[in-house]
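Colleague: For reference, the chains in residue letters:
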Amino acid sequence: MPTTQLLSEVTGSVWEISAQPGQQLAPGDTVMVLESMKMEIPVLCEDGGTVVEILVAQGDAVAEGQPLVMVAS
Amino acid sequence: MSPNPPTPSDLAAAPETPARSPSDSRQGRLDAEFEQRRERALAMGGAVKLERRRAQGGLNARERIGHLFDAGSFIESGLFATSAVPQDSERSPGDGKIAGFGRIDGRGAAAVANDFTVMGASSGATNGRKIGHVKRVATQRGLPLIFLGESSGARMPDHMGSRGMGLLLGNDGTQYQRLRETPWASATLGLSYGSSSWYSVMSDFHVMRKGAVLAVSSSLLASMAIKEEVDPQELGGWKLHAEVTGFADLVVDTDEEALDAIKRFLSYLPSHHQEAPPVAAVPSGSGEDMGDILGLLPTSRTQVYDVRKVIRTIVDRDSLFELKARFGKVAVTGLARLGGRTVGIIANNPLHKGGALDTDACEKITSFLVLCDAFNIPIVMLADTPGFVIGTEAERRRAPGKIMNFMNALSLMTVPKLSLVLRKSYGQAYLNMGGGRNSDEFAGWPTAEISFMDPQFAVKVVHGLAPGAPGFDEAQAQMDRASAVWDIASVYAMQSVVRPQDTRDYLIRMLDVHELRLTRGVGRHLMQAWPTSF
Chain A
1 MPTTQLLSEV TGSVWEISAQ PGQQLAPGDT VMVLESMKME IPVLCEDGGT VVEILVAQGD
61 AVAEGQPLVM VAS
Chain B
1 MSPNPPTPSD LAAAPETPAR SPSDSRQGRL DAEFEQRRER ALAMGGAVKL ERRRAQGGLN
61 ARERIGHLFD AGSFIESGLF ATSAVPQDSE RSPGDGKIAG FGRIDGRGAA AVANDFTVMG
121 ASSGATNGRK IGHVKRVATQ RGLPLIFLGE SSGARMPDHM GSRGMGLLLG NDGTQYQRLR
181 ETPWASATLG LSYGSSSWYS VMSDFHVMRK GAVLAVSSSL LASMAIKEEV DPQELGGWKL
241 HAEVTGFADL VVDTDEEALD AIKRFLSYLP SHHQEAPPVA AVPSGSGEDM GDILGLLPTS
301 RTQVYDVRKV IRTIVDRDSL FELKARFGKV AVTGLARLGG RTVGIIANNP LHKGGALDTD
361 ACEKITSFLV LCDAFNIPIV MLADTPGFVI GTEAERRRAP GKIMNFMNAL SLMTVPKLSL
421 VLRKSYGQAY LNMGGGRNSD EFAGWPTAEI SFMDPQFAVK VVHGLAPGAP GFDEAQAQMD
481 RASAVWDIAS VYAMQSVVRP QDTRDYLIRM LDVHELRLTR GVGRHLMQAW PTSF
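If you read the protein sequences in the order shown, they are chains A and B.
Here the working numbering is used: the first residue of the first sequence is 1, the next is one more, and so on.
Here the working numbering is used: the first residue of the second sequence is 1, the next is one more, and so on.
Pulled out of the complex, with its shape left as it was, chain B reads as follows (with noise of 0.2 Å):
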């Protein structure tokens, strides 16, 4: 295909179908018609502006398609769409939306691509049908959808006043209905603003690409409402998105970053919610490393380690896929493979603030959770925590709703849910991390310790002893053998006590003794219209 328009000359110099007959004749109209009128929609915004774009180092929407699907497998819907405004058909090659069917390592997706050459890819009748058809059919026929967004917004002035509106927003009621039928990933690769952005944050999966903006609208509307300048980054960059609001899963510097992340997001995901995850073969030299794994958890109680190492060693090597990682810290989120089985991981990670869960780390699980029970991915919980953040700010961020979502979420999944506990595990945070019957296996290490709150601060609330007092060395080495794994292992309220080393065999023969057999691996999907951030 080509990116550039045909001139007239082209057009002049097409060879001309030898008339044989006049059928041949008639065929030789035909396509040549079928192709000006292809050619005219491949070339997108004219040449200048795509010149303009490759000059910038980023990928054209055709390009960014042609990296998404495997080659060839491509069939696009509207390709000869343009804007129902007449003065702006022939300025409007597919109306801004590139649309249609692909595949990604031979599985069907369908895809939304905006054309910011097209009259910066903003919304207008004709490609909102487009994409109303493309949604139709991925959620009718179980197959993923991805948003690749870069959008002025609406279009203006087709949408202003109230006939514009009228026949522009509001004509469909399932437009921003997100039931979870079949996964969506979505891009962020430039601005977005309007229903790009909303699309995006619906998503199960959204990466963002440094230099792109994702926001309500652009800075220089946001400028002209509150009287004082806004910097585009500030308001919708990279760094807000993902160490602040946590809509970005993933910060990446390039184009092909981000659709390479997209593709391997989809690789651990079934194409809809009535199957059960595409199970991956088993790189070789997973697990080696097992033998040495309690060596990545410090002797001291008081110091702190990061849990990623501990995950990379248990499943399958390099399938650690890490969501929201500059986001609610306290807690990895990620998907994996374990004996080449998709799982979910959820881990408190006590490298930041020691592995207390605060209202950010809630909320990114949550998110997590509800992702895997709709897509039927099980999930493995791996607890070092001494608890929740608590203060004034925690509840001033509204922890008590914060910590009951994530608990509600927990308590509906209905994929196999696994916990084993590394070393702490105190008060509320031992339920929400799958303590007791909050999974269907409950494990820890000899290393755990198990209690309603750390044994320090017990001590001073049980005794009245404060650390140096008469008596307090010997009322904590009390409470610390009571928090020990055995107690209440020896009261079956802990199925399993697991050798570090053994960590790896005990998860992969769980999830096999957990499959869900009685229905081919699909869950019951309880949480499907919950909410698509929190």
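Here chain A stands alone, though its shape is the one from the complex (with noise of 0.2 Å):
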């Protein structure tokens, strides 16, 4: 089974992780939210798929381009 990070799309924080491991996920759906230039800004798998595993922990400063979430489509 395939599986895909999702990255940052932002530099700034994790405000708050809505997915579990083992969740199913369905196109769009949210799996954590980001605090950047004021903002909440959700990640979204877009494709849709299995969680996998979390890779950030609520808190943690996170780049651009990092990864936050393995997926398993």
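Each hint should be verified, as a subset may be incorrect.
What the hints assert, rightly or not - Calculated cross-link-like contacts (lysine-lysine; reagent style DSS-like; alpha-carbon spacing at most 30 Å):
#, chain 1, residue 1, chain 2, residue 2
1, B, K227, B, K239
2, B, K210, B, K227
3, B, K239, B, K263
4, B, K309, A, K38
5, B, K263, B, K309
6, B, K210, B, K263
7, B, K263, B, K49
8, B, K460, A, K38
9, B, K329, A, K38
No lab work stands behind these hints: they were computed from the structure.
Nothing here was measured: the structure is a model prediction, and the numbers come from that model.
Fit the two chains together into the complex; they arrive one by one in their own frames, and the hints show the way.
Modeller: Listed below in structure tokens is the structure:
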């Protein structure tokens, strides 16, 4: 089963993690929310899949392009 | 038409025309030869190759032409063309590229379809002349031009050596010239290298079928050059071109969907740059959800939303045709209709990066502005952006140059430009999104905030106060009031404050006010020679 990484599209911090390992995601589901530029930026799983691993924790600083979640499709 | 070549027994069984007179007999012989040659040309690369394609689920070049054009409207140019190399003439029906003219929804268009079953649709002397002729006719007579890309690139060994180069390349100084006189649309439907790729990236619209590859040269050649294995999909697959290069305006699963997308794209455009876009009937139900549109905007200014829902609510029902949806996602670009008239929509999308404009979005918007200006399509800008993405990465990606290309394109446009601020519009991005006199009509919702920077940052810069510091909340409240839409409307730097529910009616009315009556809807095309990618 191929896995893909969801990457952070912004530099910011992890505000809230809503997905759990093993969770099924429909296309467009939100897996976590980042805080950047005074905005709450959702991280979406555009193609859907199953969460394999969450790679960051709440409050972590993240850089643009940093892997956040492993998803199997 | 039959895809199978005639067999000797078929030819032997062909009914002979009774020889009633010498002229009848002559006619019969001419017809028989014509038919034999026609059957041979229509057989393309032969039954085995055609069957292999069919088993893989793709259409062949003639089936693609059949799906693209209105039934019975295609007239072929160069049916009897073959390779100019004598020993290849028998195995090169059409010389691997099918060219001609047809109609799409009753409107004329020209096309070149690569026939991969004939010598990999490689480029040769004869098919180069076919492309040149069809391009010339399309340009001079005002017809959209369609390329159906699938080619192995330059034909070997024809191009080898200085004689080969001299005979085959560089004999048409306009081959890769683009002045946007007529729309070009392309599809990459298989392996596409060399000129097939060049025409696709030069087109106004390019759709890729999943599994297809668009690259300079094949993965085999690339592997030889860099001495490591190259995966074709990594080299030029749909994900690369949809998400990284932005060369793919749309990605689809099948050939039929790709051809339908080309038809849909052309339905928004005029046939050439000297006419206004066609006007369509307004679908029933258009605008019926306008009363609820404010509900799409979150009540908290720190929360995001998908601006595509706002766009779909405003424009004619089901008329939004988004381009480059997976590239530069902080902005949405798409063709749509308002009151039946074609418009180009440019909107910030807070769903991604809060709507902050990055370099990919600048390139995406710039190329879209050039498209709209070339083909007389008014634009509607919907602003909700905290500004441009800043930082070391943005500078490394040449952000100042990209921001100014976008700005210059906007200022060079001579089609009507309407701009509406939905929520935030700050700093330079305010100008890029049509603020002030960078649009013909500048308007805002009552929810609009306009300033040089976000009020929270402004309090820090102006007063040296951080959140939580004494006096911060009062200072921010004052900044918030000063950023509201009413002050800019009071000095008439914004012409209208529009209630969200009135937005569709306002835009349709203003498109009518700003119609280019003096030139019958035609702009000046000051960017017709701008690059075809940025």
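Colleague: Each of the hints needs a verdict: does it hold here or not?
Modeller: Hint-by-hint comparison with the structure:
no.	hint	in the structure
1	B:K227 with B:K239	holds, 24 Å
2	B:K210 with B:K227	holds, 27 Å
3	B:K239 with B:K263	holds, 23 Å
4	B:K309 with A:K38	holds, 23 Å
5	B:K263 with B:K309	holds, 24 Å
6	B:K210 with B:K263	holds, 19 Å
7	B:K263 with B:K49	holds, 28 Å
8	B:K460 with A:K38	holds, 13 Å
9	B:K329 with A:K38	holds, 19 Å
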